[in-house]
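Student: Take the given structure of chain P and dock chains U, L and V to it, following the hints.
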Amino acid sequence: MWKTVVRRFLIMIPQLFVLSLLIFIMAKNMPGDPFTGKITPETDPARIEELRELNGLNDPWYEQYARWVGNAFQGEFGNSYTYKVKVSTLIGERAMNTFWLSLLTAVMLYAIAVPLGVLAGRFHNSWFDRGVVLYSFISYAIPTFVLALILLYFFGYKLQWFPTTGSVDVREVPGSAGYYISKIYHMILPAFTSAVLGTVAIIQYLRTEVVDAKSMDYVRTARAKGVPANKVYSKHIFRNSLLPVAAFIGFTITGLLGGSIFIETIFAYPGMGQLFISSIASRDYSVITALVMLYGFLALLGSLLSDIIMSIVDPRIRIE
Amino acid sequence: MVKEKDNKKEQEIISAPPTGMQVVWREFIKDRVAMFSLIIMVLAISGVFIASLFFDPAEVMKVSLRSKYAPPSSLHWLGADIGGSDVFGQLIIGAKNSLLIAIAITLITGTVGIFIGLACGYFGGWIDNMFMRIIDFFITLPSLMIIIVFITIVPKYTVFTFILIVSLFGWTSIARLVRSKALSESRRDYVNASKTLGTNDFVIIFKEVMPNISSILIVEATLSFAGNIGIETGLTFLGFGLPPSTPSLGTLVAYANNPLVMSTYWWVWLPAALFILILMLSINYVGQALRRAADAKQRLG
Amino acid sequence: MSFMQIKDLKVHYPIRGGFFNTVVDNVYAVDGISMEFEKGKAYGLVGESGCGKSTTGKSIIGLEKISAGSIIYEGENVTNKRRDRASAYNRDIQMIFQDSHSSLNPRKRVQDILAEPIRNFLKLTPQEESRRINELLAIVGMPEDARLKYPHEFSGGQKQRLGIARAIATNPKLIIADEPVSALDLSVQAQVLNFMKDIQDEYGLSYLFISHDLGVVKHMCDYISIMYKGRFVESGTKKDIYDNPQHIYTKRLLSAIPDVTPNGREDRKLERIEVERNYQAEHKQYFDENGRVYDLSPISDTHFVAATSSALKGGN
Amino acid sequence: MKTSEELLVIKDLHTGFRIKDTYFDAVDGVSLTLRKNEILAIVGESGCGKSTLATSIIGLHDHNKTRVQGEILFKNKNLAKLGEDEFNDVRGIDIGMIFQDPLSALNPLMRIGEQIEEGLIYHTKLTKEQRVNRVFELLTQVGIPNPQRVARQFPHQLSGGMRQRVIIAIAISCKPQIIIADEPTTALDVTIQAQILDLLKDLQAETGSGIILITHDLGVVAEVADRVAVMYAGQIIEEAPVEELFNNPKHPYTRSLFNSIPQMNSDGKKLNVIEGIVPSLLKLPRQGCRFSPRISWIPESAHEKDPVLHEVAPNHFVRCTCYKEFYFKGEEGGRA
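Those sequence lines, one after another, are chains P, U, L and V.
Numbering follows the numbering used here, in which position 69 of the first sequence is assigned residue number 855; successive positions increment by one, without gaps.
Numbering follows the numbering used here, in which position 3 of the second sequence is assigned residue number 84; successive positions increment by one, without gaps.
Numbering follows the numbering used here, in which position 307 of the third sequence is assigned residue number 1174; successive positions increment by one, without gaps.
Numbering follows the numbering used here, in which position 314 of the fourth sequence is assigned residue number 574; successive positions increment by one, without gaps.
Hints were generated in silico from the structure; no laboratory data involved.
Note that the structure is a prediction, hence the values are computed from the model and not measured.
Any given hint could turn out to be false.
[Stated by the list, open to error] Across the chosen pairs, the derived CB separations fall in these ranges: (1) L/1131 <-> V/306: 22 to 32 angstroms; (2) U/110 <-> V/537: 24 to 34 angstroms; (3) U/204 <-> L/882: 17 to 27 angstroms; (4) P/807 <-> U/113: 50 to 60 angstroms; (5) U/240 <-> L/1001: 52 to 62 angstroms; (6) U/111 <-> L/905: 35 to 45 angstroms; (7) P/957 <-> U/341: 19 to 29 angstroms; (8) L/989 <-> U/240: 49 to 59 angstroms; (9) U/281 <-> P/925: 27 to 37 angstroms; (10) U/240 <-> P/1025: 48 to 58 angstroms.
Built from N, CA and C at the ideal position, the CB exists for glycine as well.
So that you can see chain P by itself, here it is in the shape it has in the complex:
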């Protein structure tokens, strides 16, 4: 198993390299420099050239790239043009918000998807199953932003059950219990929206896995042993169907991050996705570069995590 994990890690290295190269090229093509924030219209052109030289922007591209990667490794992406603070500080704040939102989403996601998928599979072709199929069909077909808007319109504006913007009520004192409750309260609607959209893949997968597993020979063996029906489900069918789902966790993370751009924008939730969109709007390139890099890294990490979990839960991979 360790061999698989280490090999998987090694595969990640060239992927990271290509990713960083891609982003570096994009960054180079963006108007402006890492020190754009320090320039004002009154700055002397000679001074700019001096700054360019000083910052090594006239060096060959590979030297610049090496330096850029070196900085990136230390979390150094320059300063934000709009906020006039270090990019790392800015992202750090927002990242925590996104992290908590994603965590709540993941909890809701599995809490909804696993029972629905498993039960739909067990009671295949029942009314319950048909309901689940309908639910997953609709949430598959509906685009993220449409669902988000409709939920926001009804639960936020019409019924006013949930707040429509922000991550916390500004009147609450940080650290107090009310503060945390307010935080969770603000996360519920965006997390739920995101979770509903994420459940589709898991429900469909689990349902077909369970349905297929029912006619597997090993289930027949278990029945032939005289194992009670409930135990056949819990020990053989559900376990065998759920283990691969565990490996979805990594991809779920990737998926949640991708969706967070829409969700955070619509619910005006101050996370990384919203920061990304506002940075694009204000052409705050150093922040954009850092965010793309971070997202790419997290996505790679997610797929790595999935592969590792898979190799842990499946003995066919575990024992080589």
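Tutor: Relative to the frame of chain P, chains U, L and V by itself:
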């Protein structure tokens, strides 16, 4: 038992291939919801194209401050937006643009994906290895963000660059699916038989393998068409879609970013959102019904 | 005089492993076998699953890459021309597959399936082609109206007969039959075997008959080779193999075949146990220290056995 | 013929599958008796209903789509009337089952030991330690060397023959009186097949249980069976002790089958071909002799209207009277 059932059905249809369009159509007639979705889909799409003939984009987009946020009336069927422009007209023209762009993206990603997928699945070896590495990499990329960045840094941004940028990230999933189907199909003995009978690879790929996965290709094209409508409108919604001169369904929905419009002037954004929803539901249902029909195991019988 | 020789044929697959997925070893699927084919004779290739018999057939016809060795056809080296469309070899060597169902393209009508080799190899006018298709259907005992049907409208035995019709469309010299009847029921199997026999007699065909079923092989073949781990352990006429088996593996295989009579089954069981004991005891004389089968050495004009000379002396 | 007590008595069993609200009987009036200490082979070609018969006995059919009528009497219980849950008091304890494909019949995610132990958990009062010891004992009994190690392994780590031994160990774990083996060696190589068949025979002799062996391979039947029932189109058409059946087959179908085997000494002679094809379930002739369409040269009058089994020799039963008139096509004089 399933086999027995098939035998009976085969008796009725004289000499039709097991997954021909005829069979698919018969399945469709049996599934009322699918038929209903198909009708909705055809009506919505053809309705948009026909209605768009009666709207002059310049006329529709004309600013008329007097009718700012006018509620629905006989003059403005769906009211007017902040500039007093007719929402219904924008809806029709926007929908036409959205549909055309989604079709273009589907055609490009479909063609590229099918070619690469077939080549990978049939030949295997280093061709497969190379493309699979590329596809794996693409799939882990935060593609939405990169598309947005691309869109903002492309110097001369037009509808065509938009289509190309989105297509650049869209072909991988189709290629992956076609590859897996082509792979299992290529392992079947009829492909081996054709090889031993002196048929060349090119002919085998396009005349033997492709027809056998054609039903899956149609299904995927349908579903990815729906997906592409979602991607285009979504990006436009965020403000990174079509150039401002070309309205899209997403442009209308984007008005909802303004809390006042969202809560009060619902007629500006809600019809477009609902139209997208109906379009997506019907196209997706048609796609899934096609998938059921193409798969002998899932046929309704 | 043989029209085709296979010399020291090898098919190796690399095993990748280690951190960098480099080639760490090879699977010796076929590891140096030689054969000759004469007109009108049937050659049997027998062995248990994974012994390389199917790979041998596939590599001869060009579906597997040959790692080493050569195939000489009519005096010409065709090792790397096996899939050359223009070559006579490709036309003259044909194949019948195990799974007749999957060997017929489900979306093609019978007439298009049968026309494929005709169009590729023979320059016929449409009328001649159509006549040839009717002829082929007649040979395998199917009505002409089968032409317009699709494969799924036929039973297993009929499909295999269509497979045979396709294989003989170009008047080949050698047909490689890879487990052609193992998926069929007994009565259908008999029908297909009868057909294969009839066609062989009528057209002077040669067969390379690959099977795990020693009964079927004995019924069909003149010469038989027993394969184990990619190599021949014993090769000879049908009589040599069945009446005078020399290699311990051949003996073990023969003793394991159930006899279709219950009379004397207790004795057969005792014999099996005896052979199994010898198999363990005499292993060293038939396999080298790596478990590899020795090279074949002749014990008569037709009979070859892979063993050390001491084993052969002891055996005789 | 060993005369010993009857373990299982099947009377007029019908097992039907539901297709659009109609039931089609794949097993159509089968009566059989399994005795202690014997191997009863049920032989037939694909689609004859032999596997359906096996699943009906052990209740592994889909209870929603299948209808089982008739009597399967075991220990004063009629198994045909049991529901899915009630069957769990029979399956594993009294009846064990051996499957065809040993790889797919084992749970890929469970250790071998756990899988063998599972039946013991529900059917015995053994402690954990006793169960583990019993697992080792079973593995040794089915001829697996180093049971401690194998018990900790997963199915994919074993060879095909080893896996089938594990399946057998599972089937015999609770010392059932009846074992049903459904094509137990079809997926195996001949050398492994011989070992597994010998093992089955030895185990049977040791435990005195009764084995129902489902197979299509007459060779396998000849090697291990004590009694044979030949099935065709859902019915038993001939039943006899093994020597009697092989040396003196009566029914046209049985005789035709024997003549289509490419035997060790058939040497290229024409094999017998049975005309026509096995009728599909939906088109089964439900009346008259079901084999009559395939021996069309035998006059109608030779068949019974409603064929029943006739005892033609001690314990040798043949369905329909047509066997008396039967001859192979082209051998007019060769009447039985």
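Student: So, for every hint listed, does it hold in this structure?
Tutor: The hints, checked one at a time:
For the pair residue 1131 of chain L and residue 306 of chain V, the beta carbons lie near 30 angstroms from each other, so the given range of 22 to 32 angstroms is met. In this structure the supplied range 24 to 34 angstroms holds for residue 110 of chain U paired with residue 537 of chain V, their Cβ-Cβ distance being about 32 angstroms. Against the hinted window of 17 to 27 angstroms, the Cβ-Cβ separation of residue 204 of chain U and residue 882 of chain L comes to about 21 angstroms, which satisfies the hint. A C-beta distance of roughly 54 angstroms is found between residue 807 of chain P and residue 113 of chain U, which places it inside the suggested range of 50 to 60 angstroms.
Judged by the Cβ atoms, the range 52 to 62 angstroms given for residue 240 of chain U and residue 1001 of chain L holds: they are separated by roughly 58 angstroms. Distance hint check for residue 111 of chain U and residue 905 of chain L: the Cβ-Cβ separation is about 59 angstroms, which falls outside the suggested range of 35 to 45 angstroms. One distance hint, 19 to 29 angstroms for the beta-carbon pair residue 957 of chain P and residue 341 of chain U, holds here, with the actual separation near 23 angstroms. As the Cβ distance of residue 989 of chain L to residue 240 of chain U is approximately 53 angstroms, the hint placing it in 49 to 59 angstroms holds.
In this structure the hint that residue 281 of chain U and residue 925 of chain P lie 27 to 37 angstroms apart at CB is violated, the actual value being about 46 angstroms. Taking 48 to 58 angstroms as the suggested C-beta distance range, the pair residue 240 of chain U and residue 1025 of chain P conforms, at roughly 51 angstroms.
The structure does not agree with the numbered hints 6, 9 stated previously, though it agrees with the rest.
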